[in-house]
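Q: So you can see what is in the structure, the chains are spelled out below.
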Amino acid sequence: MPLVKDGKIVGDSFIHVADDVEIPAEGAVLMSAARFLADPEALVGRNNPTAVIWPNNRDVDDLVPWLSKLAAVALVFPTFRDGRAYSQARLLRERYKYRGELRATGQVLRDQFVFMLRAGFDTFEVKKDADAEAFAATARRYTVFYQPTGDGRITALHRRMQQRHQAESANP
Amino acid sequence: MYAYDEIDRTLINERVSEFRDQVKRRLSGELTEDEFKMLRLMNGVYLQLHAYMFRVAIPYGTLSADQMRKMAHVARRYDRGYGHFTTRQNIQFNWIKLADLPDALEDLAKVGIHAMQTSGNCTRNITTDQWAGVAPGEVEDPRIWCELLRQYSTMHPEFSFLPRKFKFAITASAHDRAAIKVHDIGLRLHKNDGGETGFEVLVGGGLGRTPFIGKTIKPFVPGRDLLSYVEAILRVYNQYGRRDNIYKARIKILVHELGIEKFAAEVEDEWLAMRDNALTLDDEVVEDIRSRFTYPHYKQLTDLPDELKAASADPHFEAWRLNSVAPHRRPGYSIVTLSLKPIGGPPGDATADQMDAIADLADKYSFGEIRVGHEQNLALPHVAQRDLPALWRALDKIGVATPNVNLVTDIIACPGLDYCSLANTRSIPIAQELTRRFANHDTANLIGRLHVNISGCINACGHHHVGHIGILGVEKNGEEFYQITIGGRADEHAVVGTLIGPAVPYADVADVVEDIVEAYLALRARPDELFIDAVKRLGVEPFKERVYATR
Ligand code: HEM
Ligand code: SF4
Numbered sequence: 001m002p003l004v005k006d007g008k009i010v011g012d013s014f015i016h017v018a019d020d021v022e023i024p025a026e027g028a029v030l031m032s033a034a035r036f037l038a039d040p041e042a043l044v045g046r047n048n049p050t051a052v053i054w055p056n057n058r059d060v061d062d063l064v065p066w067l068s069k070l071a072a073v074a075l076v077f078p079t080f081r082d083g084r085a086y087s088q089a090r091l092l093r094e095r096y097k098y099r100g101e102l103r104a105t106g107q108v109l110r111d112q113f114v115f116m117l118r119a120g121f122d123t124f125e126v127k128k129d130a131d132a133e134a135f136a137a138t139a140r141r142y143t144v145f146y147q148p149t150g151d152g153r154i155t156a157l158h159r160r161m162q163q164r165h166q167a168e169s170a171n172p
Numbered sequence: 001m002y003a004y005d006e007i008d009r010t011l012i013n014e015r016v017s018e019f020r021d022q023v024k025r026r027l028s029g030e031l032t033e034d035e036f037k038m039l040r041l042m043n044g045v046y047l048q049l050h051a052y053m054f055r056v057a058i059p060y061g062t063l064s065a066d067q068m069r070k071m072a073h074v075a076r077r078y079d080r081g082y083g084h085f086t087t088r089q090n091i092q093f094n095w096i097k098l099a100d101l102p103d104a105l106e107d108l109a110k111v112g113i114h115a116m117q118t119s120g121n122c123t124r125n126i127t128t129d130q131w132a133g134v135a136p137g138e139v140e141d142p143r144i145w146c147e148l149l150r151q152y153s154t155m156h157p158e159f160s161f162l163p164r165k166f167k168f169a170i171t172a173s174a175h176d177r178a179a180i181k182v183h184d185i186g187l188r189l190h191k192n193d194g195g196e197t198g199f200e201v202l203v204g205g206g207l208g209r210t211p212f213i214g215k216t217i218k219p220f221v222p223g224r225d226l227l228s229y230v231e232a233i234l235r236v237y238n239q240y241g242r243r244d245n246i247y248k249a250r251i252k253i254l255v256h257e258l259g260i261e262k263f264a265a266e267v268e269d270e271w272l273a274m275r276d277n278a279l280t281l282d283d284e285v286v287e288d289i290r291s292r293f294t295y296p297h298y299k300q301l302t303d304l305p306d307e308l309k310a311a312s313a314d315p316h317f318e319a320w321r322l323n324s325v326a327p328h329r330r331p332g333y334s335i336v337t338l339s340l341k342p343i344g345g346p347p348g349d350a351t352a353d354q355m356d357a358i359a360d361l362a363d364k365y366s367f368g369e370i371r372v373g374h375e376q377n378l379a380l381p382h383v384a385q386r387d388l389p390a391l392w393r394a395l396d397k398i399g400v401a402t403p404n405v406n407l408v409t410d411i412i413a414c415p416g417l418d419y420c421s422l423a424n425t426r427s428i429p430i431a432q433e434l435t436r437r438f439a440n441h442d443t444a445n446l447i448g449r450l451h452v453n454i455s456g457c458i459n460a461c462g463h464h465h466v467g468h469i470g471i472l473g474v475e476k477n478g479e480e481f482y483q484i485t486i487g488g489r490a491d492e493h494a495v496v497g498t499l500i501g502p503a504v505p506y507a508d509v510a511d512v513v514e515d516i517v518e519a520y521l522a523l524r525a526r527p528d529e530l531f532i533d534a535v536k537r538l539g540v541e542p543f544k545e546r547v548y549a550t551r
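Residue numbers (my numbering), protein chains in the order written: chain A, 1 to 172; chain H, 1 to 551.
Source of the hints: derived by calculation from the structure; they are not laboratory data. Treat each hint with caution, since some may be false.
[Unchecked claim] Covered stretches of chain H, as calculated for chain A (at least 3 residues, CB under 8 Å):
1. 59-66
2. 233-240
[As the list claims (entries may be wrong)] Simulated pairs of lysine-lysine, DSS-like, Cα-Cα distance not exceeding 25 Å:
3. K127/A / K37/H
4. K128/A / K191/H
5. K97/H / K110/H
6. K127/A / K215/H
7. K110/H / K191/H
8. K128/A / K215/H
9. K215/H / K191/H
By construction, the Cβ of each residue, glycine as well, lies at the ideal position given by its N, Cα and C atoms.
Can you build the whole structure from these sequences, using the hints too?
A: Quick look at the structure:
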């Protein structure tokens with residue numbers, strides 16, 4: 001599955017560690033929430049980056065104490081119809097100010113990129129090669145956004161106010 | 001009317017180009033039907049019995065004459081020359097080709113019309129009172145808030161893949177014409193004791209297989225907090241709404257399973273954590289939206305002009321006027337309802353020629369504005385009373401002056417087996433038969449206000465639960481049967497109707513309705529006791545007896 005990060009197709013720097021496999025001392029590792037929560041102190045204490053796959057039916061509140069020490073959080077779209085991870089992403093980014101990598105995994109298709117970017121994802125495990133290749137073009141498709149989210153894009157409502165203020169200061 | 005600016009137009013055009021690309025990928029096989037399904041639904045495209053069906057949004061039910069002409073053009077050019085107005089202020093085209101859809105959308109985009117989120121598990125078209133902005137006694141024009149909600153919900157990055165579809169309706173009048181109690185979120189605009197404008201928020205209403213009347217979650221949310229409060233509700237629903245069973249995925253089930261108090265507490269917690277965020281609407285932003293609604297330059301007129309008095313001598317005109325013309329907030333003006341329920345016709349259908357003619361009449365008599373109501377009728381919202389006689393003659397000529405608004409032949413019906421792939425039974429032929437039975441205007445008038453609603457299956461698109469008489473088609477051993485409920489209503493006193501007994505076969509439905517109506521006429525306390533009030537007073541027993549005694 002191709003990985004898109006910062007708009008480009010890249011190799012995955014994380015080793016995915018299954019629950020029954022010992023966690024290597026070296027290297028960046030990505031593990032399940034259950035595995036992580038069994039001993040979070042020790043895992044964030046590793047000298048190498050640690051990342052967690054957080055299921056979409058579990059409150060992100062449980063992850064909050066460890067956020068500042070996590071290199072990446074992977075959220076899951078079991079099907080593209082299941083949008084719970086969008087809420088989780090916004091909460092992590094906007095409410096809990098998580099600044100590490102936020103990865104979308106599962107059924108990640110090009111038609112969701114804009115939504116995901118706006119919700120705060122910056123890394124995408126894309127299901128289809130063609131979609132990963134189309135990432136840059138797809139991400140640029142929209143230039144108008146109606147809602148304020150943590151991605152900082154100016155909303156239509158505020159753009160209108162700016163235009164109005166500009167017009168007013170041009171013709172006082 | 002609200003005028004789209006460059007910003008809104010850009011978004012619509014970007015959406016059309018995205019959809020063109022999605023259709024191309026589907027036609028080339030790059031997208032599977034399963035992947036495409038969700039995408040097409042979010043552009044209002046269903047795969048139906050005979051063809052693709054295309055549902056176009058009419059935000060808060062307001063259309064300009066030019067927009068109506070474009071609908072006529074789509075009907076003529078890409079469909080079979082007609083469209084179907086629905087109970088959620090949309091229009092549907094039943095015979096459209098997938099390959100034509102991007103062009104149809106592009107044509108509509110030229111007049112600021114789109115099909116975004118007319119289906120799919122996202123916030124659907126925001127609906128309101130079709131008399132918004134002109135009804136006497138309204139708190140303020142609710143469409144300003146509809147527009148704010150339309151913008152807020154369009155392509156929402158967090159809530160475009162909810163557990164299930166999500167419907168808002170708003171009213172700003174004491175008499176609810178928007179059926180807010182049977183929507184996922186119902187909003188009642190009112191002023192609090194301090195004179196501040198805000199919303200009573202109801203949640204968890206809906207029909208379908210498990211009907212619920214919405215419950216008040218908060219009696220007053222100030223306008224500035226509307227979006228953040230709504231976001232809190234949507235977020236709780238997105239996270240905790242059931243996804244294991246599509247029949248239990250609507251917010252009404254979550255509210256029911258948790259109980260309104262618990263649900264309200266969850267929402268409150270969520271809201272308190274974010275209430276002062278960027279969603280807070282400052283007055284300037286609201287004023288900006290308000291300023292882009294234009295209102296007609298009404299003339300100084302007086303009520304009951306001579307032209308109207310003279311015309312009232314014609315009993316046909318007078319019958320229509322009494323039935324279809326409602327008071328307006330401005331003296332000398334009226335709101336005129338156009339019945340899309342001709343005797344023997346499918347409820348809600350309009351031909352391209354009718355649409356064009358209505359657009360011309362709107363230009364001539366209603367400052368170029370048209371409304372669509374959830375009863376599947378249209379309205380011209382600003383007609384000078386002195387023009388009523390001329391307007392009536394013109395409407396009559398194109399077949400939309402049947403004087404039956406709110407009468408027994410003003411039937412709300414879903415498409416049923418004639419078009420719908422989910423249907424168990426027919427709806428339209430039942431509606432047609434009933435309109436023929438009650439075609440006599442004097443009889444219908446004697447009966448008075450009586451809403452008949454018909455659905456071809458449990459999904460309740462025809463709102464049968466809240467019909468004064470509700471008719472629900474069910475299949476038994478390959479045959480069409482119909483369950484009859486009475487006493488439902490969708491207004492400010494909304495209740496779900498009560499089943500009167502075993503389902504009856506197709507051939508008996510019209511007789512049963514006649515029996516119920518006869519029972520009512522015999523039992524009503526006074527000629528002005530409405531059917532719905534008589535049912536409330538008497539209960540279902542006497543009606544049940546009348547219907548089943550001989551069956
Ligand atoms: C022809 C294609 C149609 C299909 C496949 C369809 C499908 C459905 C389904 C599956 C539901 C149940 C959703 C639920 O309760 O979770 C539903 C509800 C509904 N439909 Fe349709 N429908 C169609 C046409 C229409 C039309 C023509 C109208 C209006 C005349 C309409 C208005 C509604 C309304 C108002 C509901 C709301 C029920 C509620 O309040 O919960 N639908 N539809
Ligand atoms: S009620 Fe059933 S038959 Fe009627 S339109 Fe809805 S899904 Fe189709």
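Q: Let me make sure I understand: some of the numbered hints might not hold for this structure. Which ones are they, in numerical order?
A: 1, 4, 6, 7 and 8
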